[in-house]
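Q: Now for the letters of each chain:
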Amino acid sequence: MRDFRPSRRTLLAGLGSSAAILPSFAGVRAEAAAVGGYKALVCVFLLGGMDGHDVLIPYDAPSHAEFTSLRRALAPEASRGRAVLQPLSPRNGERFGSRRFALPPEAPGLKRLFDQGKASIVANVGPLVRPVTRSQYRNDSVQLPPRLFSHNDQQSIWQANAPEGARLGWGGLFADAAVKSGANRDAEAFSTISTTGDNLFLTGENTTPFSVGRRGPTQINVLSSLERRRGRNQEAEAAYQRLRRHFAAQDYSGDNLIGRDVASIMRQGLDSNAAYQAALSEPPQLGTTFPDTRLGGQLKTIAETIAMRARLGAGRQVFFAATGGFDTHSNQPSNMPTLLGGLDAAISAFNAAMVAVGADRDVTLFTGSDFGRTFAINGDGTDHGWGGHHFVVGGSVDGGRIIGDPPPPGFDHAYDAGRGRLIPQISVDQYAADLGRWFGLSGPDLDAALPNLREFDTTSRIMV
Amino acid sequence: MRDVSRSLCAAALMLFLVGCGASGPEAASEDGASGAPPSGPTGTIFSSREGVAVFMGQAAFGARPDDLDRWNGAIAEDWFEAQLTVPPSFMRPAFDIHMDRLTTDGFSGFRIASPTLIFWENAVGAPDQLRQRMAFALSQILVTSASTGTLNGTPEGMIYYQDLLIEHAFGNYRDLLHDVTYSPAMGYYLTYLGSKKADPDTGEMPDENYARELLQLFTIGVDDIDMQGRPTGAGELYDNDDITELAKVFTGFEYAFRARTGAERRERMQTPLVIDEDDHSPEAKSFLGLTIPAGTSPASAVEMTLDHLMDQPTMAPFLARQLIQRFVTSHPSPDYVGRVAQAFDTGRYQLPNMVSIGQGRKGDLAATIAAVLFDREARDIEASRANREFGKIREPVLRLAHWARAFEVDAGPTEYVFDLYNTSDTDRLAQHPHRAPSVFNFYRPGYVAPGTLTGDQNLTMPEMQLVSTATTPGYVNFVDNFILADRDDRDLERIEDRLRRFNVDLPAAPGVNAWVAEYGAELDLLDTPEALIDRLDLILTSGTMSEQTRTTLREYFAAEAEGDGPDTSRQVYVDRIQFGVLLVMTSPDYLIQR
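Line order of the protein sequences matches chains P and Z. One point on numbering: in my numbering, the residue at position 187 of the first sequence is 187, and numbering is uninterrupted. Count along the second sequence starting at 1, add 464, and that's the number in my numbering.
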């Protein structure tokens, strides 16, 4: 499908690692990925940096009192008072002693999923090159991810382990490993699917993401008109074929690289959109109404795609959706409930749809974001942070748990990078690795996709 | 005053008059670009209509057909120098006219769309093309966005802001930074409006947003780079402490007055912000090697900050590279970047006709844009076409504007072009003027497209972020509504209904013709398909049409012509031309610009 072979050296180059060269892909054949059945990973990326401090709220009386006294303007009684919070009873609650946690009132769906054991919360996860302590951070004595606190770079590092300019994302690399072991034989084009423009997360060495609009696949209207008429006579058929070749840039052979790239995308677009549309010819019954929001539309499209996985012939898929507005420098007390409520509604609907189409145990949705935010406030908002708290949702999640150790509210604790920005306890690599393990990747596959993984302990589990 | 040579005769001040500056061969060749344009003391001669087309695609929103004839054989510097003197088309007067037509003080989609409509009117029809193009480029660097929030609901803010970019387009970046900093739109968008000094009792700290993005996106960039835009390896220019210190400078900013009425709320979005000394941090502020002493007045602190940023060596290459990307090519050579950075840095640029542009103060935007457009790498078309890595993907907005100018669409009745009211979605243009999804614009200057040939060569290709399997069919569907539009398809009642819902007092009738292209010159060439294809190549693809697209057009025209007879209606021929235009505008040839 593609006429070139990009190199993998950028995987290592990004963070200046001096590690030994990792084994080539040919070497991992010895331990192939498990690709039987169907599994899907769905990344919901929250653009702007979601304030985890405002999502996993300290609930035991002393912690809550500390929280509200330090965040007064951001913790009004009406939305963050103990009376309205939704206290959690994690299955691993004994880990936290007398500390308790709650979700805000605007997240009833996530609370329900947590209680049902279908969602867990991963606390203080963020990009790391290797584990770092507070004193190491302050002394600058350990390698850190580059360009901390910069939106575009951190989005890139979350998705691809390298700042802006990165080319391969771990979602794409996971799909690569699955495809190499035989998944998606007749449906390689649908291994990775994005419902938002950004495709970095999903780009692998050998898999190219398919982008679909939030209202589903797009057909070219003028082409569809000719297609409806093509059976009439030879001229009509010829006209259709000619137009189809044009929109697929089929014969394009210009020298210019930019032109060739555009032609490739046009070609892929036409073929993939048509196949997708054909599979969607009988819209699946999802049995649930999705909120009419950007994220709702995206998750609906993803749910429909998963519903027709058999028709598409896909066995391992990685999806990417994104929604913005989380850069709450200002107006956080009014914006956060809306943002979180929207996220809650979309994820709840998605999970209900997965149950309806019998894919709940096969699909795992997880959130990610540029970074968490400062615990300190700036009047009516917060500023860029680092570690944040995230959700993992699905029937195969070892649910109802808080994974990791949420730092206490306030400052000067062991994970305080200053102003209550959190030094991550769990690295994105660790987070990704357990999702990848569940997806079917072998140890070597995971090492290849997550270059810093060897620096971290990988015994903790998110997934069953 | 501007240091423009007075050897220009006065007539050159009127746009598109040829005669006074022109010299060189009278009969210019039309069969393709003929190497590097002759330049020297006489200037950069357009040696073919193609050369004019390429230049206008870079410096304007595309050539109109009469431009191609008028400027063929003339010198580009004359056009450029004239453009520097054309009065600016500000948005505010047009906005006031729009608002006069509203019949409600409450919500109206027309009110919200007004800045967009004015943008399109100017892009398609304003005489100050270069200034408008520069303002559009600046709006993608100094980003504010009306996609949501107050800037969406109160368009006065965006009108005022864009007029700043229009005003300073040929002025100085330092002055622009000042006005942007004091603009309500930026204060709102990057949230320093209302940011206060630190409060030790509550632990509240100043908002860091503007401090960070000012450095990262608007002035010096994250990484240390040399004058050619290449990373020096010295690493990041600032750390988080610089940000928290700098954040103290942007404290105390407030609206100029309290607003009690809707009218006052709108007025204050068009009035520079003021700084309340009580809310401004009294502490010393130390960042990037500068210390602003404690107790410095807020206004002085802002000026010292902006002066200090202007002094930083990375500003010139950081901005130069992005401006080249907006106008000419996505991955310029380091030498090209260096020459443009030099013009920004010295505030002067000498055009090939020996005329000096710029006031000599660092940050001169007229000198900078002159360097962008007149650099040999921009003007040597033969060399650039032989370079497989040269060029850029045509921004979606420019794809449509170019069409409108190429087919002489009347930009006047843009109010009726309801399709333009919201073009952000992937199934539309995937780009809406002044409504970027974030302060990071529609695409990143450093974007390298994963999984592509250009990406494999590590070429930065920003607009590729908007090219996907979702947006390419979306674009085709969106643009066919324009290309294939006929008066007969327009429904007067629907137009009336829309206007009523928007609470706009406008007659519906002009909506029937709005943005309908005539294709007169193309219809005249229907009997000579090769000539017709040549014309489409000239006005749409500046002579770069591939053999594949030519073949497709030939086959299409031939197949359609088979049924022609004496009774064939004019509409059939119009449809045929329209479809031919659609074919060109949906080919890779048109989607890239080089």
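Derived by calculation from the structure, the hints in this document are not laboratory data. Just so it is clear, CB atoms sit at the ideal spot from N, CA and C, and this is done for glycine as well. Incorrect hints may appear among the rest.
Claimed, not checked - Here's a subset of chain P near chain Z, in silico, CB distances under 7 Å, partners left out:
no. : residue
1   : Asn206
2   : Thr208
3   : Gly213
4   : Pro333
Stated by the list, open to error - Away from chain P, derived, C-beta distances all over 10 Å, residues of chain Z:
no. : residue
5   : Asp533
6   : Asp569
7   : Asn616
8   : Arg852
9   : Gly855
10  : Gly876
11  : Asp889
12  : Ala913
13  : Glu960
14  : Pro971
15  : Val976
16  : Gly1007
17  : Tyr1020
18  : Ala1023
19  : Tyr1037
20  : Pro1052
Q: Report the numbers of all earlier hints that the structure fails to satisfy, in ascending order.
A: The structure conflicts with hints 1, 4, 8, 9, 11, 12, 17, 18 and 20, although it agrees with all the remaining ones.
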